[in-house]
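Enquirer: Chains as they are written, first to last, in the working numbering: chain D, 19 to 126; chain L, 17 to 130.
Calculated from the structure, these hints are not laboratory results. Glycine included, each C-beta is placed from N, C-alpha and C at the ideal position. A portion of the hints provided could be inaccurate.
Said to hold, decoys possible - Simulated DEER-style distance windows between Cβ atoms:
1. K125(D) x E86(L): 32 to 38 Å
2. S123(L) x L29(D): 32 to 38 Å
3. K34(L) x P32(D): 46 to 52 Å
4. L29(D) x E69(L): 42 to 48 Å
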Amino acid sequence: QKEVEQDPGPLSVPEGAIVSLNCTYSNSAFQYFMWYRQYSRKGPELLMYTYSSGNKEDGRFTAQVDKSSKYISLFIRDSQPSDSATYLCAIPRGKLIFGQGTELSVKP
Amino acid sequence: EAQVTQNPRYLITVTGKKLTVTCSQNMNHEYMSWYRQDPGLGLRQIYYSMNVEVTDKGDVPEGYKVSRKEKRNFPLILESPSPNQTSLYFCASSSLGSRNEKLFFGSGTQLSVL
Chain D
19 QKEVEQDPGP LSVPEGAIVS LNCTYSNSAF QYFMWYRQYS RKGPELLMYT
69 YSSGNKEDGR FTAQVDKSSK YISLFIRDSQ PSDSATYLCA IPRGKLIFGQ
119 GTELSVKP
Chain L
17 EAQVTQNPRY LITVTGKKLT VTCSQNMNHE YMSWYRQDPG LGLRQIYYSM
67 NVEVTDKGDV PEGYKVSRKE KRNFPLILES PSPNQTSLYF CASSSLGSRN
117 EKLFFGSGTQ LSVL
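All chains, please: the whole structure from these sequences, using the hints.
Expert: Here is the structure:
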C-alpha cells in the first residue's frame with residue numbers, strides 16, 4: 019500500500035464550482051499535511067499546510083484533515099480558470115512524500 | 017528574488033551520452049533534492065543532500081549521480097542516459113530548520129533520451 023494515495027483525475031469543473039480534492043494516507047502517526055499547486059511547465063509551490071486534525075482556511079481554499087479516516091481534503095470555493103493546475107498532497111516523513119497529483123481544469 | 021534555478025529547461029540527447037543538469041539556489045538552504053515526475057507515478061525522489069558533501073539516495077537513484085561541493089549547487093549527472101530516464105526533472109531546496117519542510121522547486125528540466 020502506498021503511503022499517500024491521490025486520485026489523478028483529470029477533474030474538469032465550470033467556473034464558480036466548489037472543488038474537492040482528496041488524498042488518503044496509511045500511517046496514523048503523520049501529523050503535518052501539505053498541499054502543493056503545480057501550474058503547467060512549472061515546479062510545484064506550497065499552497066497550504068495543516069497540522070493534525072481540523073480545518074485551515076486561506077481565502078477561497080480550505081484544507082481539511084480527518085485523522086480518524088486518514089483522509090485529507092482541499093476545497094476550492096468559487097473556482098476560477100486561474101486555479102487550473104495539478105494539486106499534490108504531501109506529507110513530511112523525514113522527506114516529503116507526494117501523492118500522484120490531481121489535474122484540475124476550471125472552464126470559463 | 018529567492019529562487020531555484022535549473023538548466024537547461026529542455027534537453028534532447030541520445031542513449032549513452034553523458035549529461036549534467038545544473039541546479040542552483042540563492043536562499044542559503046542546507047537541504048537540496050532531485051525529483052523526477054512521470055505520468056501516473058507522481059514525484060519520486062532521486063537523491064538528496066542535507067549539506068555540503070553530504071548526499072544520499074532517494075527512492076529511484078539508479079542511473080544517476082549527484083555532488084554537493086558548494087552549498088548553493090547540486091548538479092544531477094547521468095553518466096550513460098537510457099530512454100527510461102526520459103522524464104521531467106525538478107530540483108528543490110529547503111531550510112532544515114523549517115518545521116513544515118516547505119520545498120522550493122525549480123521550473124523543471126524536460127529530458128528526452130532517444
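Enquirer: Confirm or reject the claim that S123(L) and L29(D) have a C-beta distance inside 32 to 38 Å.
Expert: Given range 32 to 38 Å: violated, Cβ gap about 24 Å.
Enquirer: How does the Cβ-Cβ distance of L29(D) and E69(L) compare with 42 to 48 Å: does it lie in that range?
Expert: Hint holds: Cβ distance 44 Å, inside 42 to 48 Å.
Enquirer: Per the hint of 32 to 38 Å, is the separation of the Cβ atoms of K125(D) and E86(L) within bounds?
Expert: Violated - the Cβ-Cβ distance for K125(D) and E86(L), about 46 Å, lies outside 32 to 38 Å.
Enquirer: With 46 to 52 Å as the target window, see if K34(L) and P32(D) comply at their CB atoms.
Expert: holds (49 Å)
The earlier numbered hints that this structure contradicts are 1 and 2.
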